[in-house]
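Sequences listed follow chains A and B, in order. Everything in the first sequence is counted per the numbering used here, starting at 22 for the first residue and increasing by one. Everything in the second sequence is counted per the numbering used here, starting at 658 for the first residue and increasing by one.
Treat the hints with caution; some may be incorrect.
With the Cβ distance kept under 7 Å, some of the chain B side facing chain A (calculated, not the full set) [what the hints assert, rightly or not]:
no., residue
1, L698
2, T805
3, P996
In silico DSS-like links for lysine-lysine, alpha-carbon gap of 30 Å or less [claimed, not checked]:
no., chain 1, residue 1, chain 2, residue 2
4, A, K409, A, K487
5, B, K717, A, K322
6, B, K971, A, K487
7, B, K953, A, K409
Bear in mind the hints are in silico, worked out from the structure with no lab data behind them. All C-beta atoms, glycine included, are put in the ideal place defined by N, C-alpha and C.
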Amino acid sequence: MADFPLIYERSKPGRRGAQPPAVREFDLAGALGEENLRREPPRLPEVSELDLVRHYTQLAHRQFSIDANFYPLGSCTMKYNPKVNEEAARLFADLHPYQAPETAQGALQLMYELQHDLCAITGMDAFSLQPAAGAHGELAGVLMIRAYHESRGEGEQRRVVLVPDSAHGTNPATAAMAGYEVREVPTGPSGEVDLEAFRAAMGPHVAAVMLTNPNTLGLFERRIVELARAAHAAGALLYYDGANLNAILGRVRPGDMGFDVVHLNLHKTFTTPHGGGGPGTGPVGVKARLAEFLPVPVIEKRGDEYVAVEDRPRSVGRMRSHFGNFGNLVRAYTYIRALGREGLRQVSGYAVLNANYLRVRLKELGFRVPFDRVNMHEFVAQPPEGLKTLDVAKALLDHGMHPMTVYFPLTVKEAMMIEPTETESLETLDAYVDALGQVLERAAADPDYLKGAPYETPVRRLDEVKAARQPVLRYAFEEG
Amino acid sequence: MRYHPHTPEDERRALETVGAGSIEELFADLPAELRDPDVDLPPGMDEAALLEHMRALAEKNSTRGPDFLGGGIRRHFIPSVTPHLALQSEFVTAYTPYQPEVSQGILQATFEYQTMMCELTGLDVSNASMYDGASATAEAALLAVRHTGRDRVVVSRGVHPETRAVIETYLRPLGVSIDVAELSPLTTAGLDLSDEVAGVIVQQPNFLGYLEEMRRLTDEAHAAGALMVAVVDPLSLALLTPPGAYGADVAVGDGQTLGNPPAFGGPTFGFMVVRQELLRQFPGRIVGQTTDVDGKRAFVLTLQAREQHIRRSKAKSNICTNHQLTALMATINVAALGPEGLRQVAAGSVERAHALAQRLAAAGFAPLAGSRFFAEFVLPVALPAEEVRSALARRGVHAGVPVPEEYGLGDAVVLAATERVSDDDIDALVRALDEVGAKRPEAVARG
Chain A
22 MADFPLIYER
32 SKPGRRGAQP
42 PAVREFDLAG
52 ALGEENLRRE
62 PPRLPEVSEL
72 DLVRHYTQLA
82 HRQFSIDANF
92 YPLGSCTMKY
102 NPKVNEEAAR
112 LFADLHPYQA
122 PETAQGALQL
132 MYELQHDLCA
142 ITGMDAFSLQ
152 PAAGAHGELA
162 GVLMIRAYHE
172 SRGEGEQRRV
182 VLVPDSAHGT
192 NPATAAMAGY
202 EVREVPTGPS
212 GEVDLEAFRA
222 AMGPHVAAVM
232 LTNPNTLGLF
242 ERRIVELARA
252 AHAAGALLYY
262 DGANLNAILG
272 RVRPGDMGFD
282 VVHLNLHKTF
292 TTPHGGGGPG
302 TGPVGVKARL
312 AEFLPVPVIE
322 KRGDEYVAVE
332 DRPRSVGRMR
342 SHFGNFGNLV
352 RAYTYIRALG
362 REGLRQVSGY
372 AVLNANYLRV
382 RLKELGFRVP
392 FDRVNMHEFV
402 AQPPEGLKTL
412 DVAKALLDHG
422 MHPMTVYFPL
432 TVKEAMMIEP
442 TETESLETLD
452 AYVDALGQVL
462 ERAAADPDYL
472 KGAPYETPVR
482 RLDEVKAARQ
492 PVLRYAFEEG
Chain B
658 MRYHPHTPED
668 ERRALETVGA
678 GSIEELFADL
688 PAELRDPDVD
698 LPPGMDEAAL
708 LEHMRALAEK
718 NSTRGPDFLG
728 GGIRRHFIPS
738 VTPHLALQSE
748 FVTAYTPYQP
758 EVSQGILQAT
768 FEYQTMMCEL
778 TGLDVSNASM
788 YDGASATAEA
798 ALLAVRHTGR
808 DRVVVSRGVH
818 PETRAVIETY
828 LRPLGVSIDV
838 AELSPLTTAG
848 LDLSDEVAGV
858 IVQQPNFLGY
868 LEEMRRLTDE
878 AHAAGALMVA
888 VVDPLSLALL
898 TPPGAYGADV
908 AVGDGQTLGN
918 PPAFGGPTFG
928 FMVVRQELLR
938 QFPGRIVGQT
948 TDVDGKRAFV
958 LTLQAREQHI
968 RRSKAKSNIC
978 TNHQLTALMA
988 TINVAALGPE
998 GLRQVAAGSV
1008 ERAHALAQRL
1018 AAAGFAPLAG
1028 SRFFAEFVLP
1038 VALPAEEVRS
1048 ALARRGVHAG
1058 VPVPEEYGLG
1068 DAVVLAATER
1078 VSDDDIDALV
1088 RALDEVGAKR
1098 PEAVARG
């Protein structure tokens, strides 16, 4: 079969699609200056509107998604994205960031209320909605920690950020980007942070500890209060990576556990779409003693008026332009208001129930669970002895199901990290178990079968080494 | 509302399978003294009430009426086909293409995007997108610092003030110093660079709307051994000399003008395109072409050894999620318009902006025209800029991005035009400006 064409390969000189308003008679070169005009037009596709529709509709069909497939990527919280959120976001899509604030009071009110809601949900005192993604929120958070220590004259002394060896890669990358030295804290045999090692690593040189709770093994750090005490006793701050907040919504709050700074991933817990890799949104919240360092703008209510306040002299500054990913703030707000207090609490309940159900069912199939106890919203498994995680994942694709997160966390060999979320039915979970069961059976009958999988996807296993060794990163036009 | 599908029977069966008596039991690991906090949230709503509530909030905003707002975000025409195709469920609800066999839709569209961005900028390699123009520019500054091993950057005052603020946020903790290159009066003057400078960052057209002498500035940067980072409006590149042609090393900017709704400023997407030599220092996801086991062409995330999930604290950036969907929307929009349509949108905006400036001059206003401008320009006004903007809004006209004091232009606003502006819109603006007493005739205009 021929390769699926690129939009460029469907192009024909002179063909037109959408037509914007005609341009009036005008001396462009006179206005812009001959020297400023480009000599060659950019080579862009020339296609009819129908060609365009067919191309991107067919491309959409070459793509797994939550709306079409079960998608239990661990640590990504791939839950259903309610359509009403999209409806709500459209109501605000036309707003311009520089229009007079009195003509955008609804938008500012929404942001103000969302700041409040996120404080209530996390137990923090103040929020900024600026950051554009989880990693961006992390950077904002660590910069605030830095500003806090500097304000106390301890900026020079506190040079180290501690992260568990099971942490998301963004944690150490963020700490480095904020100018810190990163040191790892080992995971103990229980799958939780080793408290003794943690205490030993703590000291006057430590600026912060970045933790996820439940951690990336899907286990709740049971000694979190002691960890927080140890960190605070040494003058360090505790940072909460909100990737796994879905597990504890309404049950326990980061602020109450002793965390000083949190970032949330609205595209995980609060159902804003993942978009094939963003836009995410990563608001950042703090305890009162750090509030003055929040990124600007922060929305305040003055009398009856909502105001985006930029003039906060001790702020770490701006993380990006304008008000953050506002469209996603509308979606998250819509979701929070739809569910309300009790609904959010049910989210964590059923997320945890579903994950435990899958853990037990997978064990029955012969999958290994290295930390076999009640888990939270996700768990880490390993395939039966002799099988490779990658092969099992690829074979699942032929069953129309997206695999789990593979080879993460790095501390577990052949790790499979599974997060079903609360929006999946038991029937879907059973179908996943059945599919995995069939994969194991085929593997037992024909050892080569898994190595060749997948067989029925739009393309099969890729030569990733070739992609990296001989990079082709753009379409090569045929000359002439 | 609720989105979990569990019936009481499902719940019972699941609990029985896991051997728990209740859902509460599954949370036994949580510290007892902290459990079940009092969360100050209202009760949930049904969908009808929810939409009513959201509409009531939206009605407290107003977007109707003639529109001359710019400052990096403009309401260009977006054909209906663009959102219809970009917002298909499969694109909207997928995640990062970690499993390429079932992610060819996003991967191939990103490869097409990278090709378009290379074409528009005249540079060699594009990543899959970044958060927005401001943070992409800050990442470009970091790239220049890594590549040259120097610790000073020079940023033109013509770079959007919010972008400069973000550069400062990113660079300050690393001890990189930032010098501002002044405008004289509307475009960047001579740079006078030392050999400690890692990169020079200039915006084209600049924040005020005027065209910089990019070739001269690039030569000055290179003479000092610094990288040239061009912050560009990608739509303008349908007409203007691409950064690659004047020798820039990095092109960055915000992609909103290529076909994203303004959305109160986000989400849009940032882009970064670089010369081949900078590839190893390049942050962010990149899609590459390869083949599958059957020899079929296929696309995959590649060169990941630069990234945080592999390199952790040694990564080129902490960026993970990018802005795939908004970049996809731009890809589809550019393909919908084609080279001629994109040129028409850009040229129409330039023509309308110049028509507006002329009309203002004819009415006794004094738009600043000492330098060539693209689709935005400065109008000095007789009242504080925020007051002018509010007074215009009360007359149903959205216009007047305030020019900050640092530009030394006194009370002034940036006015922008798109190809959608009609002659009636222009009349309405000129009339409204007159009515609110904003006229600051030439005689008193500084700048």
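We went through each hint and held it up to the structure:
Interface restraint check: L698 (chain B) against chain A, minimum CB-CB distance 4 Å, threshold 7 Å, status holds. Hint status for T805 (chain B): violated, given a least beta-carbon distance of 18 Å to chain A, over 7 Å. For the restraint placing P996 (chain B) at the interface with chain A, the shortest Cβ-Cβ distance is roughly 4 Å, inside the 7 Å limit, so the hint holds. Note on K409 (chain A) and K487 (chain A): the hinted pairing holds, with a Cα-Cα distance of about 22 Å set against a maximum of 30 Å.
A hinted pair counts as satisfied when its Cα atoms are at most 30 Å apart, and K717 (chain B) with K322 (chain A) qualifies at roughly 15 Å. Between K971 (chain B) and K487 (chain A) the alpha-carbon distance is near 24 Å, which keeps this suggested pair within the 30 Å criterion. Distance check on the hinted pair: K953 (chain B) and K409 (chain A) sit about 25 Å apart at the alpha-carbon level, within 30 Å; holds.
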